[in-house]
Amino acid sequence: MDITLIWYLVPSLVMFCCGVYGFLTRRNMIAMLVSLELMLNAVDINFVVFNRYLFPTSMEGWMFTLFGIAIAAAETALAIAIIINLFRVSKNIDVRDATKMKN
Amino acid sequence: MDYSQFLALKQEIGLLIVFLLVFLYDTFCSPKAAKSVPVIACVLMAAVTAFGFWQSCQPATSAFAGMYFSSPVIVAIKNILNVGALIVLIQSLKWANSEFTSIRRGEFYELILLTLFGMYLMISSRHFLMFIIGLETASLPLCALVAFDKHRYESHEAAIKYVLTAVFSSAVLLMGLSFVYGIAGTLYYQGIASAIHGNMGVMLAVALAFVISGFGFKISLVPFHLWTADVYQGAPTSVTSYLSVISKGSAAFAFLVVLTTVFGSVYEAAWEWMLYGLIILTITIGNLFAMRQKNMKRFLAFSSISQAGYIMLAIVGNNGMGVSALMFYTLVYIFSNLAAFGVIGAIENATGKIEMTDYNGLYKTNPRLSVTMMLAMFSLAGIPPFAGFFSKFFVFTSTLNGTDSTALYVLVLIALINTIISLYYYLLVVKAMFINDSENPIATFRSACSERLGMWICVAGIIGLGIVSYFYDYLLTVVA
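So the sequences go chain by chain: A and B. Counting in my numbering, the first sequence tops out at residue 162, every number present. Counting in my numbering, the second sequence tops out at residue 490, every number present.
No lab work stands behind these hints, which were simulated from the structure alone. Just so you know, these numbers come straight off a predicted model, no measurement behind them. Careful: at least some of the hints might be erroneous.
Chain A is nowhere near these chain B residues, computed Cβ spacing over 10 angstroms in every case [said to hold, decoys possible]:
| no. | residue |
| --- | --- |
| 1 | L34 |
| 2 | S40 |
| 3 | F63 |
| 4 | F110 |
| 5 | V182 |
| 6 | T196 |
| 7 | M284 |
| 8 | K374 |
| 9 | R378 |
| 10 | L423 |
| 11 | Y434 |
| 12 | Y480 |
Lysine-lysine pairs mimicking DSS-like chemistry, simulated, CA-CA at most 25 angstroms apart [as the list claims (entries may be wrong)]:
| no. | chain 1 | residue 1 | chain 2 | residue 2 |
| --- | --- | --- | --- | --- |
| 13 | B | K374 | A | K159 |
| 14 | B | K441 | A | K159 |
| 15 | A | K150 | B | K160 |
| 16 | B | K160 | B | K45 |
| 17 | B | K160 | A | K159 |
| 18 | B | K363 | B | K304 |
| 19 | B | K304 | B | K374 |
| 20 | B | K363 | B | K374 |
| 21 | B | K441 | B | K374 |
| 22 | B | K374 | B | K160 |
| 23 | B | K42 | B | K160 |
| 24 | B | K441 | B | K363 |
So the derived label-pair ranges between C-beta atoms look like this [said to hold, decoys possible]:
| no. | chain 1 | residue 1 | chain 2 | residue 2 | range |
| --- | --- | --- | --- | --- | --- |
| 25 | B | V381 | A | R155 | 41 to 47 angstroms |
| 26 | A | I89 | B | R302 | 31 to 37 angstroms |
| 27 | B | N329 | A | A136 | 41 to 47 angstroms |
| 28 | A | A140 | B | S46 | 39 to 45 angstroms |
| 29 | B | T454 | A | I89 | 24 to 30 angstroms |
| 30 | A | A140 | B | L298 | 18 to 24 angstroms |
| 31 | A | Y112 | B | S14 | 37 to 43 angstroms |
| 32 | A | K159 | B | S40 | 25 to 31 angstroms |
| 33 | A | K159 | B | I27 | 28 to 34 angstroms |
| 34 | B | N305 | A | T84 | 27 to 33 angstroms |
| 35 | B | I473 | A | F114 | 51 to 57 angstroms |
| 36 | A | N87 | B | I424 | 37 to 43 angstroms |
| 37 | B | T454 | A | A136 | 45 to 51 angstroms |
| 38 | A | M60 | B | G211 | 26 to 32 angstroms |
For glycine and all other residues, C-beta sits at the position ideal for the given N, C-alpha and C.
Whenever a hint applies, use it, and build me the whole structure from the sequences.
Below is the structure:
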């Protein structure tokens with residue numbers, strides 16, 4: 060059986076949609092961050108697979124993936140730092156309680 | 011490798027040198043000398059701005075195999091952003107030296123310079139890898155800036171909302187780009203444009219929808235605007251003003267470049283109608299929510315959402331005049347919005363009051379601040395002869411330039427009606443200051459020298475840009 064492009068694209072799309080769903084429904088900020096990672100990793104899979112199957116002579120997709128991983132790491136580090144700060148102030152990282160500004 | 015191509019990045023390198031100087035001085039100077047960090051940052055930023063104006067006659071250049079591109083238009087938009095950033099830095103001097111902030115005031119200036127550097131890259135890039143790096147360099151330090159007031163809970167709440175939406179929007183944008191890569195096999199703007207060549211497919215439609223939503227989050231278009239009000243309210247006022255004009259202006263320009271150069275061939279087939287719907291929603295909903303806001307920063311957040319819709323009007327026409335209209339709108343918006351934020355920041359620094367009802371009777375105690383605020387509101391609402399009228403006028407003209415599509419005329423009509431609605435809520439502020447009486451109005455106070463300087467520049471901009479036609483003529487000739 061041949062493993063074609065679609066075998067990779069469907070899981071990556073499912074991953075992305077799971078990430079969006081998790082981001083919208085999860086109430087714990089760390090869990091939301093995990094969902095975001097899922098979305099970013101789905102993007103990386105897409106780039107690698109497109110490069111491997113459609114344009115194997117160039118390396119642009121792979122390079123983009125490397126940068127994408129680094130960017131995702133930076134974003135996560137920053138988000139976790141902010142979550143820790145919030146936890147110090149309010150002892151809670153539930154997004155339902157982070158609504159003090161609504162008026 | 012030809013190292014002389016680094017010379018094409020003159021402005022970026024200049025900004026980077028300023029960043030390094032401020033960083034080194036802040037790190038190694040004695041605690042006593044640290045007081046002068048903000049002033050040094052402002053002076054160096056002024057030097058960068060002057061250098062940018064000096065660069066404005068340079069011919070178009072590209073570097074790094076076409077990944078970086080610079081032309082008089084791009085230098086002009088960078089100059090506009092420089093001016094805005096300079097005003098923000100000047101206005102934040104007092105806040106930076108206040109009790110809670112002074113211990114890490116250097117960080118504020120360093121992070122602002124870094125985000126500006128990212129915006130430069132984002133505007134100049136002609137390759138999506140460079141674009142994404144620029145975008146993240148611009149948005150990650152901003153998240154840290156929003157969380158700057160460590161002693162205030164609201165600042166943290168705003169920061170977590172901002173960082174989560176920023177990452178989410180980046181992920182959505184990247185997903186779109188991965189599909190674009192799948193279609194074109196390259197990430198160069200020109201390469202993608204020639205690969206698309208007007209062929210509208212399902213995959214391209216999905217990719218375009220992802221890309222536009224990703225940008226929509228950055229520019230806070232409805233329905234991607236939900237983070238805006240909370241972040242603007244919770245962030246320190248200096249950061250809010252930076253977020254609302256510089257960050258938005260640069261993202262709007264990058265959006266214009268991406269849509270016209272990369273997806274220009276599928277304008278009528280796809281993105282004209284996507285933007286069309288977004289603009290109507292953005293202007294209308296931004297206006298309707300702005301009416302019921304009581305907090306001044308929240309109020310300006312919704313006002314900036316609807317202003318973003320007007321900026322998009324310059325893009326939806328897809329013509330050369332739109333570019334100059336967008337740049338002029340950004341310039342005018344910088345002056346008007348920074349004047350409003352200057353007044354809000356001055357009052358907040360002096361008294362800590364931020365509600366609209368606190369402004370009742372302000373004219374009797376602080377007439378100059380009230381008049382500045384009034385000019386800003388008139389300019390934002392678009393009353394002639396102030397600059398805001400002309401920026402709106404040029405944006406509407408550019409939308410209809412050389413088109414006979416009825417739909418676009420309807421769009422401009424809706425935008426015009428919304429201008430009248432916006433007049434109502436902008437005048438509410440003026441009414442509060444001039445007509446409403448208050449039992450205990452804000453006491454008379456003298457705002458700091460830096461704040462007054464910032465406000466004077468803004469007022470000069472509001473009146474000068476409305477009366478002197480040179481600036482718009484210049485932008486028109488640059489684009490043409």
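Is the distance from the Cβ of A140 (chain A) to the Cβ of L298 (chain B) consistent with 18 to 24 angstroms?
violated, 36 angstroms
Using the beta carbons of A140 (chain A) and S46 (chain B), state whether their distance is inside 39 to 45 angstroms or not.
The hint (39 to 45 angstroms, Cβ to Cβ) is violated, given that A140 (chain A) and S46 (chain B) are roughly 29 angstroms apart.
Would the hint linking K363 (chain B) and K374 (chain B) be met if the CA-CA limit is 25 angstroms?
With Cα atoms ~17 angstroms apart, K363 (chain B) and K374 (chain B) stay inside 25 angstroms; holds.
If we take the beta carbon of L423 (chain B), is the closest beta carbon in chain A still more than 10 angstroms away?
holds, 33 angstroms
Can you confirm whether the C-alpha distance between K160 (chain B) and K45 (chain B) stays at or below 25 angstroms?
Satisfied, since the Cα-Cα distance of roughly 20 angstroms is no more than 25 angstroms.
Holds or violated: K42 (chain B) with K160 (chain B), Cα cutoff 25 angstroms?
Roughly 23 angstroms separates the two Cα atoms, so the pair holds.
Given hint K363 (chain B) paired with K441 (chain B) - CA-CA distance at most 25 angstroms:
Distance ~18 angstroms between K441 (chain B) and K363 (chain B) Cα, so the pair holds.
Assertion that F63 (chain B) lies farther than 10 angstroms from chain A (Cβ)
Label holds. Min Cβ-Cβ 33 angstroms, cutoff 10 angstroms.
M60 (chain A) versus G211 (chain B) beta-carbon gap, inside 26 to 32 angstroms or not
holds, 28 angstroms
Separation of Y480 (chain B) from chain A, once the least beta-carbon distance is taken, above 10 angstroms
Given that every Cβ of chain A is farther than 10 angstroms from that of Y480 (chain B), nearest at about 41 angstroms, it holds.
Given the hint of 51 to 57 angstroms, is the C-beta distance from I473 (chain B) to F114 (chain A) inside that range or not?
holds, 55 angstroms
Holds or violated: 37 to 43 angstroms for the Cβ distance of N87 (chain A) and I424 (chain B)?
holds, 41 angstroms
The structure fails to meet hints 5, 6, 13, 14, 22, 28, 29, 30, 32 and 33 from the earlier list, while all remaining hints are met.
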